Every structure is written in C-alpha cells, then in structure tokens.
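These protein sequences, in sequence, are chains A and B.
Just so we're aligned, residue 0 is where the first sequence starts under numbering that gives the first Met the number 0, counting upward by one.
Just so we're aligned, residue 0 is where the second sequence starts under numbering that gives the first Met the number 0, counting upward by one.
Think of the hints as simulated: they come from the structure by calculation, not from any bench.
All values derive from a computational prediction rather than experimental measurement.
Glycine is no exception: its CB is placed at the ideal position from the N, C-alpha and C atoms.
Within a straight-line C-alpha distance of at most 16 angstroms, the following computed EDC-like cross-link-like pairs (lysine to aspartate or glutamate) qualify: (1) A:91 x B:106; (2) A:81 x B:106; (3) B:71 x A:161; (4) A:25 x A:41.
Now the in silico label distances, taken between C-beta atoms and shown as ranges: (5) A:68 x B:207: 53 to 63 angstroms; (6) B:206 x A:133: 51 to 61 angstroms; (7) A:51 x B:385: 50 to 60 angstroms; (8) B:377 x A:138: 50 to 60 angstroms; (9) B:130 x A:68: 16 to 26 angstroms; (10) B:120 x A:258: 47 to 57 angstroms.
To spell it out: a stretch of chain A is covered by chain B in this simulated footprint if at least three of its residues, at any positions, have a beta carbon under 8 angstroms from a beta carbon of chain B; those stretches are: (11) 75 to 85; (12) 138 to 146; (13) 169 to 181; (14) 186 to 194.
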Amino acid sequence: MIPKFLFLVLLLCSSARGNLYAQAIKVKGSDTMLPMMQLVVEAYLKKATNVDINLTGGGSGTGITALLDGTVDLAMSSREAKLAEKMKFKEKGAEIKFVPIATDALSVIVHPSNPVAKLNKDQLEDIFTGKINNWKEIGGTDSKIIVYTRESSSGTYEFMKENILDKREFAKDAISTSATAQIVFAVSQNKGAIGYVGLAYVENIVKPVAISFDGKEYIPPTFNNAAKGIYPVTRPLFVFYNAANESKVKGFLDFLLSVNGQKLITHKGFIPVNWQ
Amino acid sequence: MKKRFYTLWENLIRASGFCSTLLVLSISFYLFREAYGLFRNSGVESGYSIFVHQSNPIQEFEPDTLRKIFNKDVRRWSEIGGIDERIEIFSLSDLEKKFKEEALGPDLQFVPEKVWEYSENKPAIIGYFPSKLLDSRHKTVAVRQIEFSDLVFGDSWFPASSPIASFGAASILLGSLWVSFGAILFAMPMGLVVAIYLAEIANPRMREISLHFIELLAGIPSVVFGFFGLVLVVPLLKDIFNLDQGESALAGSIILGIISLPTIISITQDAFLTIPKDIKASSLSLGATELQTIFFVLIPYAKSAIFAAMILGIGRAFGETMAVLMVTGNAAIIPESFFQPVRTITATIASELGEAPNGGIHYEALFVLGTILFVFTFLLNLIANFFVGKKS
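This is chain A alone, in the form it adopts within the complex (with noise of 0.2 angstroms):
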C-alpha cells in the first residue's frame, strides 16, 4: 500500500516537472508593485505561449539582492539602485538595465474630519519623528497626533524615511503596521491618525493633504498632478534585469511597456511612463 502510494506521489511529482514551461521568467522585489504586476503577468500570460512568470515580493532590497545572486531574471524596484548596488553590479560584471515603468504618488492621508489640508515639508518630518505631537500647532483641534507607519521591510518606508524624514527615524511611538490596506482602514478610524500611502491606495474613507516642499504651493495628490511631475513627491518604479539576459525577458518587458500594459498600470492608479 505504502510503496504504491509513494510511487504515485513521484509519478504526479515527475508529470508536473515534465509539464513546465520551456522558460520560466522570474521576477522578484518591491512589494508596491505587486499588485500591478500580477495584473499585467496575467495578460500576458493569456496572450503568450511556451513561457512562465513567477512572481513574487519582498520588498525593492530583497529583488535587487535576488538580481545580484543570479536566482531572478527582473527585479521590481520602488526605488533607483543606489551607488553601492551599482557598484557589488560591477564587481560581477554584470551590466544592469534599469527600466522604469511607472511613477508613483506618495501621499500622505488623514481621518476625514481633520481640518487640517495641507502640510509642508517640516511639518511633515516634524510629525513622523515626533517633534510635533499635537495637531493644535499644525492649525488643527486640540488632540494627539497618531502617527501610522509602515514595518521597516518595506520600500514606501525607506523612501519616506529618505525624502520626507530626512534620513531620520520615526517616531518610536508610532504604530507600525504590516499592510498598506491596514493603514487606511486605521487612518479612516481614528480622528487623530496621520498615515502614508501609494496614491493607488488613497479611498474616500481617508482624507489625502496637500504637500509643498518650498512652503508657498500646496499641492494635493492627485493623479493629474502626479502625471504633471508638480506634485512633489514621486518616485519612479522600475524593473531591473542583465543584459546578458535581455533575449529572455525582451518579450514580457515590451508588453510592460505597450499601451495594453500601461492601460493595466493605470488601471491600478499608478502613472504610465510615457504620459502625455
């Protein structure tokens, strides 16, 4: 009984290895753009034949790592490759192409009822490190400021820690969630909570603010104004992957890139690369 069992668990085992896909394109990283490349894999896969996608997250440092290693063929990047990736790169002699494919909004939600709308720059770091802890000094009611952020895995932390904070810590009081979703179901419950988030992920439950980096023009996160490139904080997302390798993944990157893959890109609230 048991012998014949095992034997069928390896013949089910060696089918399913004999039915892979002549290539199987690996792509890993940034856990923001996940959800937009699940979309844009599916399509494809529907479309093309005799190849795979495998797709995972992780976060933009994990994929980047993974792309040294040899272990993926795309990297997802929330963020450019700072100079000491670029230079582990070199040691190996790999000549790295960074892609970018979409432009995403940082934006900065509150609790709908918070008066306040708009924030500058100091504020805003003042906030996050806990400087300022009560909305009164910021022009809103008398009560404390929650502040929701994300765990430190995650690439929309790194970049608010790099271009918001400056290059500071968070406040040690600050609730750190696991999920983006979680944050704007916290934000949407609290009157007193400030969070972060990707533009695809602000709903009318929370109150996105206007943000201004010289003081003098507010501007709210919208997609136009994202588009536009004068709402200030944007971050290009990117793919990386080998030259070396560029014959493999040549055919899923052009239908990255095609007007039916930055329709699905959109579609997700991201902003296509090549917008008019």
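Given chain A, put chain B in place with the hints provided.
Quick look at chain B alone, frame taken from chain A:
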C-alpha cells in the same frame, strides 16, 4: 511471533522518543548558535567602516552616540567632546549628489579617490563607506561591540537602521511581559470561576455541552482572534475609554486572555475533578455550605494546580504571535499603561524575519529574541510542571 511484534513496537517507540529529544536539543542548539553571533558585532553593517578626519581626537564610538549623530540628534562635535563645528555626514548616497556620474568614472573606478578628495580637508566630517573604498589615509574609528546588557536594557529598537542599527529590546521584552500579565489578570479569575462551575456546580449535561464550546474556543486559529480584535475590540476600546488609538496593550491582553482561557479552564477543572470525594463530603458533613466548601476547602486543596494553570496560561499568551501582531499597535516603546501600544517579542520576530538578510546582524538579533522567548517559556513550563506534580 507476538513477542517479536511487541519488541519491534517497543524499539520503535524508544527510537521516536530519542529522535524527538534529539530534535528539541538540536533546535535549541541552533537557536543559541545563531543568536550568539550578535555579540561579535557592533551594529555597523558588515563590510562598512566609519571614518573621521585625522584631526578628530575620537578613538572609539559608543553605538548609541553614533546612532544619535546619524539620526541628527547630535549635530555638533562639541556635544560629544570634540571641536565646535557642525557634524557633516558623508555616505555613498551623498557622493552621488556631490559628484556627477561622469566624475565617478564609467566603471565607478574613481569612487575611492573622490571619497578621499571630498573628505580630505573637512575636520567636521564623519563618513560611512564600504571598507574597501577606504585606505590608510582615512582615520577609521572602531565602534564598541554590542553587549547583552545593551540588548536587555536599551530602549531603542531600530534594527534596520543604516549606518548603525540599534538593538535595545527592553521595550519589546517588557511589552511581551506586560501583555501576558494583563491577559492573565483578565483570564485567571474568569477561568477559575468557569472551572469551579463546571467541576462543582454544573450538572453533567451542562458540563458536557460547555466543554464542547471550550474545546471549540481552543480550536479557533489565533489569526481569527486577531481579526476579531482588530475589527471589533480595537474600535470599541477607543470609544469606551476615549483613547487616542485603540491599538493598545489592553486590546492585546483581552484577546490573549480569551486565547489562554481554554488552557486555564481545562487544567483547573481537571484539578477539581481529581480532588477525592471524601474531602468535599467531610467538609459538607461538618456543616459548611457548598460555597464555603469551594472557597475554604477545594480551592486551597487545588491551589498548586491552579497556580500551574496560571503559569501555563502566561506561557500560552507569551508565545502567541498573530493575534497580538494585529491588535497591539507594535510601537517599540516602554509601556507605562495598558492604553499604550506595545510591541511583543513574537510580533517583532514575525514581522521582521522576512526582511532580515540571512546571517546578518538583524537576523541574529531576532534569534536572540527567539532564544529569550524559548528560555522564558521553558522556565515557565518547568515551574508549572513542578506545581502540577506537587500534591498538597
């Protein structure tokens, strides 16, 4: 034939016992081995060095001072006993901003020279670069290695911070203790009352039905409790106590209390059921009422088992992960009240292990937390066993 069969079984059982013991031992060995590595590090990413200008008198950095410098809490050298100048931080990402890409060379081969060129005449500089880009011209400064006391008493947990990570886990250890303590405060009286009811008061049919429900409670996956907590308990607490945020130690304690109830109830109830009948009978025949018998005879008789149930309940709460991760807010601050968010050991490991590079310091620090968790629950179990085995 039959005898051979029994010998075979006997050997099989012996072998599996041996194997599981070996497994437990090797798991704990692995835990300790991975954890130990942390204390041979300073918190600076491996392969990187910190350098200052030649004229800077500093010899060795305290990890905390370095963290304050890079977090811009300390802005002038004079604050830490140096020259009266503003500290200038210099790292690879600054290099990109200060020099054009062409200046760094097509293959980035000019980077080491540019690093030197930029920092040569700046007495207030502090640099953070891969060691291989630096040479003997730079004055590299060592950073003191992490000690166990830094981990246990330090209160800043920034494990992924660059250039220097800090692993002060006091807030996390206290967070775990605090939430478990709150859970037991809530679950113990309730569990005890239910157990007394089931063992002494309920009729057999009622007991049968209730036990089924308690078993059901024990079988609910903790993520479901977490979800229940996040969606119902957290907003409710916020409204009832008029809190700034509902994610708090209290929410965690309530959920953990519910989770540890079945453990407490079943052990306590078993203890009551094993009390010899004549003890209860003699108490009643002396004229004590049922309630007096329960409070003055039965509870004292079963006290060591009740204590054991409490310890095991704490252990259950202490090791619980998913539910607390969802409701406690996970802010690494030292808890001062039940209304503040806390971060527990288990939640820290669960949410950070995925991003921690294998074998890196962050990874090792999480293993230290795991080891502490392991040792603590092991001790709790030992204590509980001692009290379960003890007959009053």
